[in-house]
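For the protein sequence lines, the chains are A and B, in the order given.
Take 1 as the starting number for the first sequence in the working numbering and just add one per residue.
Take 639 as the starting number for the second sequence in the working numbering and just add one per residue.
Bear in mind the hints are in silico, worked out from the structure with no lab data behind them.
Any given hint could turn out to be false.
[To be verified] Keeping only pairs whose Cα atoms sit at most 30 Å apart, straight-line, the calculated DSSO-like set for lysine-lysine is:
1) B/Lys649 / B/Lys845
2) B/Lys845 / B/Lys868
3) A/Lys102 / A/Lys84
4) A/Lys84 / B/Lys774
5) A/Lys20 / A/Lys102
6) A/Lys20 / B/Lys774
[What the hints assert, rightly or not] Stretches of chain B that chain A covers, calculated by requiring three or more beta carbons in the stretch to come under 8 Å of a beta carbon on chain A:
7) 720 to 730
8) 747 to 760
9) 820 to 832
10) 842 to 853
11) 870 to 878
[As the list claims (entries may be wrong)] Residues from chain A that face chain B, not an exhaustive set, calculated with beta carbons under 10 Å:
12) Gly90
13) Gly163
14) Ala173
15) Gln276
16) Trp537
17) Gly546
18) Glu548
The beta carbon of each residue, even a glycine, is placed where N, CA and C say it ideally should be.
Now for the letters of each chain:
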Amino acid sequence: MELDAQIPESPTEEMWSTHKEHMRLVGPRNRPRYRVIMVGTGLAGASAAASIAAMGYRVDCFCFQDSPRRAHSIAAQGGINAAKDYRNDGDSVYRLFYDTQKGGDYRAREANVWRLAELSASIIDQATAQGVPFAREYGGMLANRSFGGVLVERTFYCRGETGQQLMLGACSALAQQIHEGQVTMHVRTELIDVVVVDGRARGIVVRDLVTGQIRSHAADAVVLATGGYSNVYYLSTNAKGCNVTATWRAFKRGAGFANPCFNQIHPTCIPAAGEQQSKLTLMSESLRNDGRIWVPRNQGETRAPGEIPESDRYYFLEERYPRFGNLVPRDVASRNAKEVCDEGLGVGATQRGVYLDFRDAIVEHGRDTIATRYDNLFEMYERITGESPWRTPMRIYPAPHYTMGGLWVDYNLMTTLPGLFAIGEANFSDHGANRLGASSMMQCLADGYFILPLTIGDYLSRHPYGDVDTDHAAFADAEREARGRIDRLLGIGGDRTVESLHRELGHLMWNHCGIARNAAGLEEALGRIPELRERFWSDLRITGSGAELNQSLEHAGRLADFLEFGELMVRDALLRDESCGCHFREEHQTKEGEALRDDARFAHVSVWEHRGDGVDPVMHEEPLSFQTLPLAQRNYKT
Amino acid sequence: MKFTLRVWRQKGDAAGGFRTYPIEGVSETSSFLEMMDTLNEQLSTRGEEPVAFDSDCREGICGMCAMVIDGQPHGPMPGTTTCQLYMRHFPDGSLITIEPWRSSAFPVLRDLVVDRSAFDRILQAGGYVTLHSGPKPEPNSIPIEPEVAEEALDAATCIGCGACVAACPNGSAMLYTAAKVSHLALLPQGQPERYERVKKMVGQMEKEGFGACRNYAECEATCPKEISIKFIGRMNRDYLRATLVEPVDPRGPMESQ
């Protein structure tokens, strides 16, 4: 597997502009002759499909939901970063680049991160022009709030539903292109394989989730915007349908998978209540701006939180990190919450929770101000838990949230499989070993509005259009394999439900490859995942047929891929014998319990290559260089 | 907790009907959909086909979940989607009736799953600002009063679930369409296409077979995002202006290049 990142040879701050100037273009009259497949309609997929369709390319766009607007980007709450420096607090492209690299613990590619920071401001311009109603100040100017891990205020927001509003912007642009016939939208349709012809990605095999029909689509390039794989843990903040299938199928067809062990555990989620729980709900990180995080100082505390005096409250983040306090990066906040719970200081019925308290903020700023900022979040919390944050502190606990790993892509966002692109959370992206808050939407939209529309043109211009259609034998083969997999799933005839097997995988991954990992636990998981996979293929029971709407069958297909993928994740976590960002190997920590990197051995991207079923995958390294921002130990204490 | 569930089952072209299922061992902390998951696990284990229902984010924002519970779309709690209902809100031992959205514009695909693509077609008819991706004006060069931005957001907060249609005795989609139209009509960015947009979207709404609005206001009472029917009045004003007052350009609407 060759890993040429295609990084332009110019100074970092000029790379993107130089690269753009030298890219090959497709003329407006030729663009309608090229067809592009876009899988996924979250912020990355919808924005990319709309942008390239507006340029004149033909696009076939797919989502498994009943409408493109439902993709899980819709659930992002807090906001989107942009280096506008509206607050005059010293923000700049460099500062955003710096924060992202440092936050990612120096495991991202500098060239990509710089470009992301550089494009951030244009995203706000684009979204505003679409009619995204960002919060405004009294004078009519755009408002900003601060977010974890940074010292400037650069986050733009629409109450607690920034994701929905940016999605509506992107989806409205997509709707326009559907109306004009540039985009053919296929809803309730799921990718089940990627088709490769002569070494290039030339199409996909899909299942119509309503009729069960298996069919193929051919194109000149295929783009995966299919999100992350946090549902490998069963319980996560992802939507129920989020899955690894598209990226995993691409991996098995030759695309390298990068840093699968980098997954972010979000610190502010509502703790799990019991075994029937189907997902975890995130409370926006912006709550940490005003909420103070604490646990009782003493084990076995029985008093209600309101009755615990100041002296018996342990504000552990404020005490341990005086400079950043409750606004330390997500990985640091999550790990500290786990630690205090491990010490027996956790709160709530399960003892896996910490308080997030608004008492002082309400006194300081007044109820009205706090209501403007968090009313809908407070409401949501009360609905789920039956407790009001106005009267008693919230209880929060970390939950799997975002995956920094994904398909390896070069500077042009193309995977190692020519013609296959990956954007948004589906690629291994710009966030290194840890993503800062309000940066995921920024990356999705930078990829979708501004980067892919140009780089895909460069690729397409080098190839003739429409020279392969679905009559090619490769499509028939892929369809046959896909049907075989479905028949096999339906024919197992065991007695276990998909949910119960998924829950089992989730427990295994959370316990051995979760907030903190160690070699012994990872080795154990490496032995137990194949066992679980065997049980899946012998004990599963699916009722109904493949020729109808069958949600158990959909879930089973996704779980089958998670059961293979989980093993790769553990393998990667085991091989990365250092701590960095969210990947915390207990063997490697500083005296203060911080992640301790090993730059001499691990300043690289781990890229995994599939070598066939039953054969161990091979890891390749893409070395990372640090020319613009030299390596430094992350420090959020002083 | 235990319940008796009367659930609408429907498959293929066959007529649907209610089936009754007793369910036990439901945790008080579980959500309504988690209760449905538990039912489905019990059905699967017995070799029966689980109840098909839509859900995705399960945090009340994607708009995918859609059940009529005891006659009310999204159930008894105001301002709440089905996925945000919790079983502690239902008396232990009660009978719960669960149906799909009821509207001829939303045909049933299976059990509780309906086809809401009519909503997408209304949006595609004009629910956007026509533009390409690329350099745009600096946002602060067009100041917007915060009250205006907030009001636009009050409309834009619509999650497109379709409860308004399911709640309306006439099956009208006026609240949905009005929310979409008003969001852009309130903002400076939406002005150039304001009147053309309302004509196109209302026209599409009528084509889709939704009923007429008679101001029952059931939609507002049911909307999980509590969107106000004032937006319907606002849309009607724009529509009247677009069809009666605004001069008709003899050249017809401009097509994009």
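Hints versus structure:
no., hint, result
1, B/Lys649 / B/Lys845, "holds (27 Å)"
2, B/Lys845 / B/Lys868, "holds (24 Å)"
3, A/Lys102 / A/Lys84, "holds (20 Å)"
4, A/Lys84 / B/Lys774, "holds (14 Å)"
5, A/Lys20 / A/Lys102, "holds (27 Å)"
6, A/Lys20 / B/Lys774, "holds (18 Å)"
7, 720 to 730, "holds (count 3)"
8, 747 to 760, "holds (count 8)"
9, 820 to 832, "holds (count 5)"
10, 842 to 853, "violated (count 0)"
11, 870 to 878, "violated (count 0)"
12, Gly90, "violated (19 Å)"
13, Gly163, "holds (8 Å)"
14, Ala173, "holds (6 Å)"
15, Gln276, "holds (4 Å)"
16, Trp537, "violated (17 Å)"
17, Gly546, "violated (13 Å)"
18, Glu548, "holds (7 Å)"
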